[in-house]
Amino acid sequence: MTDPDASRDIDTTEPGRAWTFGDDIDTDQIIPSRFLVSSDPAELGEHAFNDLRSEFASDVSDGDFVVGGHNFGSGSSREHAPLSLLGAGIDGVVAQSFARIFFRNGINLGLPVLICPDADRIDDGDAISLRLTEGTVINHTADERYDADPLPEFLQTLVDRGGLKPYTRAKLGTE
Amino acid sequence: MTGKTISEKLLSEKSGQDVRAGDYVEAEVDVMMTHDVTGPLTFEVFEAVTGDDPELVDPDNTVITIDHHAPADGVEAANNHNLVREFADEYGAQQYDVGDGICHQVLVEEGFVSPGDLVIGADSHSTTFGGLGGFGTGVGSTDLGTAFATGELWFRVPETLRFEVEGELPDGVYAKDLILKFIGDVGFDGCTYKTAEYGGSAVEALPIHERLVLSNMAIEMGGKAGIVAPDERTVDFLAAQTGERPEIPAYTQPDDDADYEAVYTYQAESLSPQVSTPSNPENAVPVDEVVGTDIDQLFVGTCTNGRYEDIRIVADIIEGERLAPDTRMVVVPASRSVYKQMMDTGVMETFVDAGAIVQSAGCGSCFGTHQGVLGDGDVCLATANRNFPGREGSMKSEVYLASPATVGASALYGEITDPREVELNRYDDYVLEGVSA
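For the protein sequence lines, the chains are A and B, in the order given.
Residues 34 to 208 (my numbering) make up the first sequence, in order.
Residues 3 to 439 (my numbering) make up the second sequence, in order.
A few of these clues could be false.
Unchecked claim - Simulated crosslink set (DMTMM-like; lysine to aspartate or glutamate; CA at most 20 Å straight-line):
{"hint": "1", "chain 1": "B", "residue 1": "K398", "chain 2": "B", "residue 2": "D380"}
{"hint": "2", "chain 1": "A", "residue 1": "K204", "chain 2": "B", "residue 2": "E321"}
{"hint": "3", "chain 1": "A", "residue 1": "K204", "chain 2": "B", "residue 2": "E46"}
{"hint": "4", "chain 1": "A", "residue 1": "K204", "chain 2": "B", "residue 2": "E291"}
{"hint": "5", "chain 1": "A", "residue 1": "K204", "chain 2": "B", "residue 2": "E28"}
{"hint": "6", "chain 1": "B", "residue 1": "K398", "chain 2": "B", "residue 2": "D378"}
{"hint": "7", "chain 1": "A", "residue 1": "K204", "chain 2": "B", "residue 2": "D378"}
{"hint": "8", "chain 1": "A", "residue 1": "K204", "chain 2": "B", "residue 2": "D380"}
{"hint": "9", "chain 1": "B", "residue 1": "K398", "chain 2": "A", "residue 2": "E88"}
{"hint": "10", "chain 1": "B", "residue 1": "K342", "chain 2": "B", "residue 2": "D328"}
Simulated from the structure, these hints should not be mistaken for lab results.
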C-alpha cells in the first residue's frame, strides 16, 4: 500500500488499470459508514467500494486509478474516503468533476485528483497514466490523450510540498 | 467594480486581504469542531504536525462531540469515544459526551457561533452555522488537525448563488420544502465550490431553527456554505440561548450590487410541500406526485430537522392517534435540551402513546449504523438530509426525504400523505418562549 505521508513523485505516474464509476459517487459508497471506526488506510482500503463493487478491494493493484463521472466524492466530509483509496494502492483519481470536500481532502493528503472533462472516454480496465503538472491523462489502451485542468498555483504549492501536513510542519517549524 | 457577497466580505475580513471569488486565501478560523468519527483521524494529524510540544491554538473554541455512534454500538466505536475523551482531557478542548447531542446543534445551543464567525467542522453539515450568519463549512481531518495547531486554513473564495424567496409561505410549506426545491432546481452538484446565500422577505421571516435547515442542506447541492444574513432575530435568538447579545458585523451583510453568479427568485405562495425520492436529494417533487407511496419506517431527527420545533410539529399531528398499522417511527432528538423540552411539554408521552420509539440524542440511523437501520426492501420517510443508496442501512432499502409535517401526516396513514390534509402548526423559536415580546 501507499504511505500517504511519504513524499511522492507525483508529476508523472506509471500506467495503471482504470476502475471506472459513474456520476454522483458519494463517500458512503466509497467507504460505507460502518467501516469508519478505523482510521488506518490499509484497513479502510480493504473495504473501499465494499457495497458498490465488492471485487474492487480484492482485485485492485498498487498503481491503479479510480475514474469517476461528475461530482465524485459527494456527501459526507469523511477523509476516510480518499484515505481508503490511498490504502488500496490507488495512485490518482480522475473525474469529470469532484465534490468540494473530497477534492480538498485529496490535495491535503497528496492524492492526485484531476478534473478531466473527457474522463467518460475511459473504459473500465483501460491502462491510463497521468501527467500532473501539464494536466494530461493518457489512455494507453485507446491510444488517446485527454486534457485535464492543471492545479491552481496555490494548490500546486501544497501538492509540491507533499500535502497540508508537511506544509503546516514548515509553518510551525516542527519539521 | 461591483459590490461583494457575504462570502467575499467575510473571507476578506478573516484573511486580512481584499479578496474576490476565485482567490485563494489563508484565513483565521473562529471555531473548530470534530466528532467521534472524524475526530480520531484529526487527532493523529494534530499530533503529527505539532512535534514535541503539541498545543491547541484555541482550546476554548475547539469542540469535540460524541454523536455519530452514540451511545456506542460496538467496541471499536466505544474505543473511539475514549480517544475523544482522552484528547479533550489532555489538550483542554471543549468536549460533549454521549447523549449531549449532534455537533451542529450543540454548537448552536452552547453559543459557540456568532454572526460573522468562520467555523470549520470535520463534518459536511457544518454549513449549518450559516443560519446564524456565520460562514460554516465542512472540511477533512487533515484540514482540521492542522487548524487545531495553527488556527488557520486555506480557502478558495467561493462564487455565490443567491436564492430569493418573496412573500409568505403557504400552509404545509416549511424551510425543508424550500431547500429540497432549491436542490431539485440546481441539482446535487449545482452549488459545488460555491456559497448559497438565502434572502427575500419569506427567508427574513423565518425563525432561526428554520434558517438552520436552509443552511444545513446547502451541502446537498454541493455548497461550501449556506448563509442567511444575520439580523435582529438572530441576535434575539442568541441572547435567549446564551444571555449575551452579539454584535452584527458589517461584513455579514452583502452589498446591494454584489456580483452573484446567479440569482434564483421564488414566490412563496406558489410553492408546495416537497419530497425527495430515492436515492438522491435532488429528486425533489411536489408531494402530490408521490402521495400513496407505502412507508415501513418514519424517521424524525438529524441535524436538519431534529430540533424541538420540528419534533413538536410531528407530535401535534399524531397526538391522541396511533401510528398506522405495519409502520414504525423512530424519533431521535438533536440534543439533550431538545430531549428535555420534549419531556417538559408532554411531547415525549405523545410519541410513546402513539407507538413510536424515542432514542437518546445523536445522529441516529441517519449515519446508517444503528438506532433504526433499514433492511432489504424497507422504505423510510425521513426528516433527514440524505437518501443515498444504503445511507440508512441496506443498499436495497429506500429513503424519501421530507419535512416534519409531511412525515407526521404520513405516519397516520402508513403512506406518503400531503401534510395539507391535516391540521398544522408553525412555531417560532422555542427558546424565545417566555422571553418578553
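query = Hint numbers the structure violates, sorted upward?
reply = 2, 4, 7, 8, 10
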